[in-house]
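**Q** Chains as they are written, first to last, in the working numbering: chain A, 1 to 387; chain B, 388 to 713; chain C, 714 to 888; chain D, 889 to 1074.
Some hints could be false.
[Said to hold, decoys possible] One side of the interface only, derived from the structure: several residues of chain B facing chain A at Cβ under 8 Å:
no., residue
1, 421
2, 527
3, 600
4, 683
5, 685
Everything labelled a hint here was simulated from the structure, so no lab data went into it.
From a predicted model like this one, the values you see are computed outputs, not experimental measurements.
Quick reminder that beta carbons are idealized off the backbone N, C-alpha and C, glycines included.
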Amino acid sequence: MHYEQLGVTEGDFYNRNFEKGAREDTMILNLGPQHPATHGVLRVIVELDGEYVIRAEPVLGYLHRMHEKMGEVKTLSQFIPNTGRIDYGHALGWNWAFVGAVERLAGFEVPERAQYIRVITTEINRITSHLLWWGAFTLDLGAITPIMYAFDDREHLLDILQMPTGSRLTHSSFRIGGVCTDLSEKFIETVRDFIPKMRERLPMYRDLVTDNVILRKRLEGVGVMDADMCRRYGVTGPVARGSGLAYDVRQAEHFPIYEGLDWQVAVRTEGDSMARYLVRMDEMEQSLNIIEQALAALPAGPVLMKNAPKVLWKAPKGESYFAVEGARGKIGVHLVSNGGEFAYKVKLRSPCFSNLSAYAEAARGTILADAVAILGSLDLVIPEIDR
Amino acid sequence: MTFLAAIPSELIHIVIGMVAIMAFVGIHVLVLVYAERKGAGHIQRRPGPFEVGPHGILQPLADAGKLIGKQLFTPTNADPILFWMAPVLAVFPVLLLFVPMPFGPVVTVQEVNLGLLLILAFAGIGVLSTMLAGWASNNKFGLLGAARTVSQSVAYEIPLLLAVLCIAFQKGSLNLSTIVEGQGSWPWQWNIVTQPLAFLIFLVCAFAETNRAPFDLPEAESELTAGFHTEYSGMGFGMFFMAEYANMVVVSGVCTALFLGGWKGPGIDGVWWFMIKVYALLALFIWVRWTYPRVRFDQLLNINWKWLIPLATLNLLGTVFLMKVF
Amino acid sequence: MIDSLFGTIKVQYLVKCDPAKTGLAWSVFLAQSDLLPAVKLLYRANYFLEDLTAIDAKEGYLAVYHFDHIDSPGRVALRVLTSHEAPELPSIASVYQGAEWHERETTDFYGITFTGNPNPVPLLLAPDMTEHPLQKTEAQRAFLWDLFPPAEPLRAAADFTLLTPAAKLAETGEA
Amino acid sequence: MSMIRKVLEPIGDLWSLVVGLRITGRNFTRPQVTVHYPREQVPTDLTDSYRGPIALVPHPRDATKSKCTACMICVGACPSQCITVVKAPAPVITPEQEKTFQEAEARGEEVERPVAPREPVIWINDFSLCSLCGMCVEACPPRCLTFSHELNAVGTSRDAFLHNLLIPYPGSLKPTPEQVQKLQER
Chain A
1 MHYEQLGVTE
11 GDFYNRNFEK
21 GAREDTMILN
31 LGPQHPATHG
41 VLRVIVELDG
51 EYVIRAEPVL
61 GYLHRMHEKM
71 GEVKTLSQFI
81 PNTGRIDYGH
91 ALGWNWAFVG
101 AVERLAGFEV
111 PERAQYIRVI
121 TTEINRITSH
131 LLWWGAFTLD
141 LGAITPIMYA
151 FDDREHLLDI
161 LQMPTGSRLT
171 HSSFRIGGVC
181 TDLSEKFIET
191 VRDFIPKMRE
201 RLPMYRDLVT
211 DNVILRKRLE
221 GVGVMDADMC
231 RRYGVTGPVA
241 RGSGLAYDVR
251 QAEHFPIYEG
261 LDWQVAVRTE
271 GDSMARYLVR
281 MDEMEQSLNI
291 IEQALAALPA
301 GPVLMKNAPK
311 VLWKAPKGES
321 YFAVEGARGK
331 IGVHLVSNGG
341 EFAYKVKLRS
351 PCFSNLSAYA
361 EAARGTILAD
371 AVAILGSLDL
381 VIPEIDR
Chain B
388 MTFLAAIPSE
398 LIHIVIGMVA
408 IMAFVGIHVL
418 VLVYAERKGA
428 GHIQRRPGPF
438 EVGPHGILQP
448 LADAGKLIGK
458 QLFTPTNADP
468 ILFWMAPVLA
478 VFPVLLLFVP
488 MPFGPVVTVQ
498 EVNLGLLLIL
508 AFAGIGVLST
518 MLAGWASNNK
528 FGLLGAARTV
538 SQSVAYEIPL
548 LLAVLCIAFQ
558 KGSLNLSTIV
568 EGQGSWPWQW
578 NIVTQPLAFL
588 IFLVCAFAET
598 NRAPFDLPEA
608 ESELTAGFHT
618 EYSGMGFGMF
628 FMAEYANMVV
638 VSGVCTALFL
648 GGWKGPGIDG
658 VWWFMIKVYA
668 LLALFIWVRW
678 TYPRVRFDQL
688 LNINWKWLIP
698 LATLNLLGTV
708 FLMKVF
Chain C
714 MIDSLFGTIK
724 VQYLVKCDPA
734 KTGLAWSVFL
744 AQSDLLPAVK
754 LLYRANYFLE
764 DLTAIDAKEG
774 YLAVYHFDHI
784 DSPGRVALRV
794 LTSHEAPELP
804 SIASVYQGAE
814 WHERETTDFY
824 GITFTGNPNP
834 VPLLLAPDMT
844 EHPLQKTEAQ
854 RAFLWDLFPP
864 AEPLRAAADF
874 TLLTPAAKLA
884 ETGEA
Chain D
889 MSMIRKVLEP
899 IGDLWSLVVG
909 LRITGRNFTR
919 PQVTVHYPRE
929 QVPTDLTDSY
939 RGPIALVPHP
949 RDATKSKCTA
959 CMICVGACPS
969 QCITVVKAPA
979 PVITPEQEKT
989 FQEAEARGEE
999 VERPVAPREP
1009 VIWINDFSLC
1019 SLCGMCVEAC
1029 PPRCLTFSHE
1039 LNAVGTSRDA
1049 FLHNLLIPYP
1059 GSLKPTPEQV
1069 QKLQER
């Protein structure tokens, strides 16, 4: 009421749009774009009846960079650094999806050693991503210490990942037809040393957080998503696997290296936040298994195919779709080429985008603290949603 | 000189006591801020404050200087009177709570017959300040924080009272000094041995009443940004901060007096035993905060209504029954 | 599988692709009116929506819907053409709620209107923005037959000429 | 049975709280993992793999020069257009020289006219735009570009990030004022 006297209409376009469906006796609250629980610049408008969330609507676009347009104005290999910046958590997954799409379009055969290196580095990157999520999620639930322990391990993993990729966050070490650097002896040695250390840390995480009664009571039965809901929203990744859908792109799309290794797809059937949590904790262990086996089976050979495309290389005409299991779900790159050095169309399928679209339904009727917990359990990386 | 002689010595006693309390609270807030940050740091395997002074020992002073230097900011459409009354109301009742605190055999500002009652009564004012702060800041997060405070504090005062009543019945007094006198020097002579359940209930309620993690819902950072003090800047925030730490000292002190034998201990009785026990409890407060996640609002109330109140009532009835029998 | 699933629908063009070469298992061209029935069939067959985008070509905007299956993976691409002048498509958000955001995103990028979208406001771009960044100029646009390499369709409508090169079309026209 | 479980469950729950306290307590006594940055540095074997701002590899025979031939491939490869390379101009031929050349040619001798040296005169990397992707390093035909391990590329102005690579790397990263001016004129 004061705002109208001041000549200010309350809220912006999205607020007014949201208010159209609101009840008279409720409070509309903007969580974000600057809010501790939204991990970046996501904004969620919620309609609250007391502490109960009646409706929620995520508002996106605060970190929109139009990567798909950049894909059309940069040559195919020049776009690789961009893919490392779509999702800061699991940059190599995006790297792989893009170079995979180009390789599939051109029909390139990637050297086997390069494929192994891709598997190893992507899995290390997946663990760093899950550790980041684990810390941030427990922070959402009010436990401040776990993130520090997670970052302790994550820093070691980033040191390791820095050896082949040269950077600590926005890795972009995959190239069309291979990878840019070979694994050093030191890398292999350090990873071998680190795996048992990490295996010792995981029980500590379990005792400190997973088994904690407060956390279990906060997550069990909260934000239940059933399999049908996952399908309707295109939810993938650990979120879908927490709802009993045993869908992992690593298995579903027949990745040659993964098929030769002994590992399981982590699945839980409860569909609540705790199931999503446990799936990710299991995945860290599975990733360690994969890394260990892949290191043991690492073949010798070149890491980049002969005649790997140069900057001004013209891709053949046609289209291709390549999907990778990212830390957050199915990363897909749809590439259409008209035979030029630029892509005619690049579509980046972001897992977080689809996962977040289910949030409005999952959060309906929950208490505000649960809404925050569900948001955290989806493992959102905002730059990936906005692209 | 005749003028001074005309002042009743009681009054001088109280004035000196109040000044001493203020100094005590001020120093303890600074020490606790440092201890908490250092403790959090070491639990998380980092150094904590390190740059200001040796091992960051001057960090609380620097923080205080920063807070004092900041602009005091009243949000648009806030109620300025209530808005600025709240932080004042948060700090001053807490100072009064130290009046009947039995630091040592003679080191008490004023022995009050109904000391326990006085502490419980004035502690209730803290809720009012939190509620006013949330309400007056014209902020939705603040409002939610205020609503949470009221239901949380009101609910948790019941088991707290019931737990305290057990001791009061057992010792037949509401005077804290008398209660301490009634306990022996050795740990097995303390009330915690006869009333372990009351001690646990008191401890849980103490966490809730002081808004400390895992019950820090009114200022739940990840949900309500900063809850009731979202809009406070500078010393307005600083006073809430002070009140929180002063409250911690008070509940630790009361807990020590009621359950842990107060100033009594093996060897020579005295203030040091009281302070050692208070610091141990404060360390527990800090330790717990950096270990657990936050409970949810309905769970918080469920713990209270479904567990603490029935248990406290049963405990009280049992105590009364046993006292009648023996 | 898809050809039997879409038995009741008048499919314009249906190709079985090699997933190792294109990543797709099936590529289907549909008329606008057949989109919603086809999507309903896919939903009943437990497919999930992967993404939705459009390709700006000379003939118009080609909206591309990617679906995949949890238990028997194989990507299905549904393609529907709409004109540059009045780009409009039926919304599938009533079947796949997740499509709501994808449609809003496509509206932002290409200016295609999805009739029936429950909340048709801009998603990623500013609400007051009128440009659609992924639209191409007429010179940049390519023909669809130029983008999609020729393939042997399992089913094709007689009047479907989108993927026939213009030269060939002229040839057959003369003949 | 369920009754017993109902009684035991809260005890187990409370025990999980004690376990949590034990873990944080144990960590309290362990040494810190923080590196006190200005006083300590991370070990150099970590920074050796770090890809910092690009630098020119010194020529094996003359360390003051590089093998760069100013072929401009790196300029085209860069996704962010952050590289500016200017070829050395052809030497100015004075009329007298020209005359001698012509005379020599008239005599039918082989004349070696001075040509532009195949080297850069300006080699500036705008580090504020660089994304450290390594496209230039990989594209360079004589392999004369490399990543430095410089962690502390900081500055207080935009000009400070115009790295002049012709000045040998462990030294000043700043271009000379004339070069900055030239760059701005272009």
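**Q** Checked against the structure, which of the hints given earlier come out wrong?
**A** 1
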